[in-house]
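All chains, full assembly: derive it from the sequences and hints.
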Amino acid sequence: MNIAVCIKRVPETAEAAVNIDSSEKHIIPDQLVFDINEADNYALEEALLLREKTEGDITLFTVGSKESDEVIKMGLAKGATRGVRITPENLDNLDAYAVAKLLAEQVKEGNFDLILTGCISSDVGNSQVGVTLAELLGIPHATLVIKMGIEDGFATVQRELEGGLLEELKIKLPALFTIQTGINEPRYASILGIKRAAQKELRVIENITAEGMKAEVVKMYYPPVGKMAEILEGGVEEVSGKLCEILKGKGLL
Amino acid sequence: MNDILFGCIQCGRCTGGCPVSVRSALNIRKLIYRSLIKIKNKSKDLGIWECTTCSTCSIRCPKGVDVVDYIIDLRSDEIERGKVQPQVRDTLESVFKFGNPWGRIREKRADWLEGNGVRILQPGDKTRFLYFVGCTPCYDTRTQEIARAMVRVLKTASCDFAILGIQETCCGNEVKRMGEVGLFEMLVEENTKLFKKFDIGTFFTTSPHCFNTFKNEYIDLDFVIEHYTTLINRFIKEGRIEPRGKFEKRVVFHDPCFLGKQNDIYEEPRELLRSVPGIELFEFERSRERSLCCEGGGGRMWVETESDEERLAVTRVKDAAVLEVDVIATACPFCLLTLEDAVKTSNLEDSIKVMDIVEILDEALGLKDEEERVPEYQNTRSSDSKQSQ
Amino acid sequence: MTKDIFVIVEHRRGEVRDITFELLTKGYELSRDRGKLLAVLLGFQNEKIIDKLKPFAETILNIDDERLKEFNAEYYQIVLSNLLQEKKPFITLLGQTAFGIDFAPSLSTAIDLPYSSDCLDLEIENDTVFTERQIYGGKINSRISLAENWGYLVSVRPGSIAPRDVELVAEVVDVSSPIKEDIDYRKFMQYVEAAKGEVDITQSEVVIGIGRGIKEDKNLSMMEDFAKSIGGVLACSRPVVDAGWLTKDRQVGSSGKTVKPKLYIAVGISGAFQHVMGMKGADTIVAINKDPNAPIFTVANYGIVGDLLQVIPKLNEKITELKGA
Ligand SMILES: Cc1cc2nc3c(=O)[nH]c(=O)nc-3n(C[C@H](O)[C@H](O)[C@H](O)COP(=O)(O)OP(=O)(O)OC[C@H]3O[C@@H](n4cnc5c(N)ncnc54)[C@H](O)[C@@H]3O)c2cc1C
Ligand code: SF4
Ligand code: SF4
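Residue numbers (this note's numbering), protein chains in the order written: chain Y, 1 to 253; chain R, 254 to 642; chain U, 643 to 967.
Think of the hints as simulated: they come from the structure by calculation, not from any bench.
Hints are supplied without guarantee of correctness; some may be wrong.
[Said to hold, decoys possible] 20 Å max Cα-Cα, derived SDA-like pairs, lysine to any residue:
no.	chain 1	residue 1	chain 2	residue 2
1	R	408	R	334
2	U	904	Y	229
3	Y	25	U	861
4	U	690	U	675
5	Y	195	R	434
6	R	621	Y	236
7	Y	147	U	890
8	U	956	Y	234
9	Y	219	U	774
10	U	960	Y	245
11	U	960	Y	232
12	Y	250	U	964
13	R	291	R	262
14	Y	219	U	763
15	R	449	R	468
16	U	860	R	602
17	U	922	Y	163
18	U	960	U	861
19	U	890	Y	166
20	U	781	Y	35
21	Y	250	U	904
22	U	857	R	594
23	Y	242	U	890
24	R	597	U	866
25	R	571	R	597
26	U	857	R	338
27	Y	250	U	774
28	Y	53	R	334
[As the list claims (entries may be wrong)] Computed list of chain Y residues with no C-beta within reach of chain R, every gap over 12 Å:
no.	residue
29	26
30	45
31	50
32	53
33	78
34	105
35	113
36	154
37	166
38	190
39	193
40	207
Think of the CB as a built atom: it goes at the ideal place given N, C-alpha and C, for glycine as much as any other residue.
Structure (structure tokens):
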């Protein structure tokens with residue numbers, strides 16, 4: 001079985017401050033640390049686990065700058081067969097549709113039985129690329145997949161719905177699934193492994209221009225400081241005391 | 254890999270001395286036996302992640318077998334296959350991405366200073382002493398106190414010292430012991446390159462773990478490397494620091510494995526403690542070469558033990574309780590954290606405190622109170638901090 | 643030409659989901675002076691659902707087909723691409739939910755509709771559609787404009803619009819189902835309930851939510867002690883479940899449970915909207931986080947900026963004191 005996995009390099013912003021540049025359309029990446037998008041990492045692991053059971057290749061695709069080679073190499077170190085990086089000239093103003101279209105043009109050549117992506121990217125969070133790609137390829141899909149099994153050309157998947165409810169679907173391959181975090185336990189890519197991965201095939205598609213954008217960032221801005229919590233001031237001792245008083249006052253203790 | 258094991262006569266002295274063999278699946282002699290007769294090792298049942306790399310085994314081996322290195326090799330195999338505990342994975346990824354094992358961003362590495370004026374080295378700068386703070390005292394709120402105490406104590410010695418601020422990066426001691434060779438090499442390379450940008454006289458660390466790797470495993474450093482206990486002890490002897498004040502407490506010293514067993518530094522910390530007026534110093538029955546490991550080394554800060562048996566740190570704390578001491582003194586951030594945790598689980602919080610030696614010195618000197626009391630001090634600090642900008 | 647607003651009705655197991663009423667509220671606002679508000683209902687034997695929807699829309703387009711009994715993106719796409727191309731609504735609204743995420747991107751691609759997903763709000767200025775989105779975990783907002791077209795697709799984040807009663811009386815228009823053959827490449831099999839655990843976090847008046855900030859499972863016992871002394875139960879964000887520290891039934895948020903306790907204390911939780919959705923209904927929210935910029939502080943009533951490893955033991959001590967007294 002041949003599997004394609006689409007991955008993306010994103011900044012880690014859980015603790016870091018995120019700043020907007022002067023164009024007001026991009027963030028300033030300088031101080032930020034980048035890594036593979038969390039959900040994509042689970043998608044990659046799912047592919048690796050499947051491949052442990054069946055024969056086949058795993059091809060990684062990414063749309064991104066040259067730096068995205070980092071996450072491709074990490075995936076290659078973990079066991080993917082080859083990588084493809086697509087870097088259009090107008091990388092800076094793609095929308096989700098354009099990304100999916102770039103991917104589709106490369107992925108359709110590969111005769112894949114299964115295509116996996118993350119269910120959301122932690123930077124812009126559109127949750128569009130996977131399903132759009134499936135449509136462009138003309139294959140069925142399922143999103144938010146949290147369990148997956150493959151048998152006789154069909155996949156049985158469980159999708160995560162709201163409120164802890166799951167939905168079980170049977171889908172004919174080839175198909176595309178967007179993978180939800182928690183489906184597995186991603187493995188570690190050692191530094192030596194990443195170095196060795198430099199020998200694996202990494203194809204670069206450049207000198208192309210993406211087309212068909214339908215959504216454009218007009219402006220980025222810092223969220224208005226709307227409603228804000230009353231931050232209790234003081235040392236640990238003091239704030240603990242204050243909070244207890246407040247809770248007691250509200251009859252919550 | 255079996256080369257390392259050449260010479261083993263299966264006498265079992267290694268296992269006999271191994272502190273974790275009593276409470277886990279790890280049986281180092283058996284592990285070696287299996288390897289010698291080529292049984293495939295499966296780590297989970299063999300407990301290779303239980304090892305704290307305290308190196309008791311290597312020290313005890315009559316044939317000079319480097320047992321610890323063998324365990325690290327076994328771990329390396331697992332790292333290469335990538336299937337390690339999530340906690341191990343996250344720790345190593347964090348070192349790779351952020352330069353520290355705690356998953357915290359680099360920008361906050363110097364936040365422990367809390368506005369204290371300390372010179373931060375810039376490329377081309379020269380310093381007599383470079384204080385390498387280490388990841389744990391930089392980020393962990395409890396051990397940040399050690400770093401702040403260190404700064405206060407050093408200021409009284411009016412010596413020319415500086416820190417690296419947010420340029421500082423993990424030393425790699427634990428990374429190496431978790432078997433991530435490639436990452437360790439990368440850190441050695443990057444750190445060496447960084448240090449070459451400065452003119453450093455003496456380089457000293459908070460942690461014996463950082464000290465150990467810089468001293469013994471970095472080959473290309475051209476400055477003196479010390480653990481702070483030897484440096485400050487010397488300052489005291491030279492009269493540059495005068496331990497005034499009093500610390501009237503019963504204190505027992507816990508030897509950090511990476512200071513004692515691995516680097517033969519047993520006397521200086523004790524001398525240092527003895528020089529503080531008022532201290533009544535006690536010894537554990539198991540001390541110096543025979544000291545019991547706290548289980549904080551070898552990556553064990555990030556690897557949860559599979560065992561339900563009593564943690565060694567708890568055993569250690571109970572031993573301290575028998576000695577009826579007020580304070581367990583140590584000189585390692587990991588020891589401090591594991592022992593303090595054990596004090597809590599043993600419900601001994603009201604009677605025993607765990608302190609780093611430099612915190613004891615700081616308290617005896619009354620520096621912390623002074624800082625809080627005397628606002629003039631702030632002025633001298635702010636002029637300092639201008640320098641550091 | 644009138645510019646109608648379509649709202650795709652989301653329902654599951656016979657219940658209309660809350661997001662539908664939020665969308666209808668927004669749709670009503672957008673449709674004034676432009677056109678009509680239509681609810682588009684795909685389902686099977688829809689009478690009950692129609693009754694619920696009537697006061698919220700001007701027209702209900704009712705597509706009744708046994709194959710639409712459960713949600714299936716493939717059938718939805720057949721029905722909606724036909725309907726939208728025929729009726730040409732100006733804006734079609736749907737929810738950024740497990741339902742919307744699964745069919746909106748392919749629908750927009752199939753019929754070439756500009757689509758903006760996961761929006762907090764949308765505005766129309768001189769016929770151009772602008773949406774407001776949150777990116778980078780809520781640290782930045784972005785304003786998006788959609789390329790000129792006859793119609794647009796916008797998915798809205800649940801909980802971002804307060805539903806209002808609009809007191810309409812909808813006319814029901816039956817639309818025949820364009821589905822011809824059964825689809826064999828995607829089949830709904832069954833619903834699966836998540837494993838049930840021993841406590842029901844939705845029943846507790848005090849819920850302590852712990853997040854990735856607790857760092858290691860060994861800090862769990864500290865949190866358990868705290869929960870016990872304050873008289874609450876432990877719940878968590880998703881990473882805590884992913885790490886295996888707590889079971890799935892303790893997860894609060896869009897893919898977990900929704901809790902509405904009297905008091906919710908978020909400890910080491912950044913406040914990702916998927917989590918916030920599950921707890922913002924709490925009467926009083928307290929957040930403890932060491933990042934002063936964590937989005938959780940924008941939903942909390944009270945905040946403590948500090949290290950949970952220090953704050954929690956101290957708080958525990960004080961509460962035990964208070965309760966003892
Ligand atoms: C489709 C989908 C569904 C999802 N459903 C859910 C869901 O139902 N529920 C859910 O929770 N998530 C859900 N998520 C995940 C969600 O997007 C976030 O990733 C998650 O909520 C983040 O959890 P967290 O706040 O615990 O972790 P993080 O975002 O990593 O935040 C950790 C926080 O802890 C703080 N911190 C760290 N150390 C300390 C310390 N020592 N003291 C104090 N504070 C500290 C940090 O400052 C940070 O703010 C879903 C995601 C997707 C894509
Ligand atoms: S102590 Fe040395 S010789 Fe004895 S069993 Fe251990 S490794 Fe072998
Ligand atoms: S290094 Fe220490 S813990 Fe590890 S095997 Fe040797 S004696 Fe045991």
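Check the hint pairing residue 25 of chain Y with residue 861 of chain U against an upper bound of 20 Å on the C-alpha distance. violated (41 Å)
Keeping to a limit of 20 Å between CA atoms, is the pair of residue 960 of chain U and residue 232 of chain Y held or broken? holds (16 Å)
Does residue 597 of chain R sit within 20 Å of residue 571 of chain R, going by the straight-line distance between their CA atoms? holds (11 Å)
Would the pair residue 597 of chain R and residue 866 of chain U pass a check requiring their Cα atoms to be no farther apart than 20 Å? Satisfied, since the Cα-Cα distance of roughly 15 Å is no more than 20 Å.
For the pair supplied as a hint, residue 147 of chain Y and residue 890 of chain U, confirm whether the alpha-carbon distance does not exceed 20 Å. With a Cα-Cα distance of about 14 Å, the restraint between residue 147 of chain Y and residue 890 of chain U holds, given a limit of 20 Å.
Beyond 12 Å from chain R, beta-carbon-wise, is residue 78 of chain Y? Residue 78 of chain Y not clear of chain R: closest Cβ-Cβ about 6 Å, inside 12 Å.
For the pair supplied as a hint, residue 621 of chain R and residue 236 of chain Y, is the alpha-carbon distance within the 20 Å limit? Holds, at roughly 18 Å.
Does residue 857 of chain U pair with residue 338 of chain R here, judged by a C-alpha cut-off of 20 Å? holds (14 Å)
Between residue 922 of chain U and residue 163 of chain Y, is the straight-line Cα distance small enough, at 20 Å or below? holds (15 Å)
Agreement of residue 690 of chain U and residue 675 of chain U with the hint, judged by alpha carbon distance not exceeding 20 Å: violated (30 Å)
Just checking, residue 53 of chain Y versus chain R, shortest CB gap more than 12 Å? holds (15 Å)
Given the proposed pairing of residue 195 of chain Y with residue 434 of chain R, does the C-alpha separation stay at or below 20 Å? Holds: residue 195 of chain Y and residue 434 of chain R sit about 12 Å apart, inside 20 Å.
In the structure shown, a violation is registered for the earlier hints numbered 1, 3, 4, 23, 27, 30, 33, 38, 39, in ascending order.
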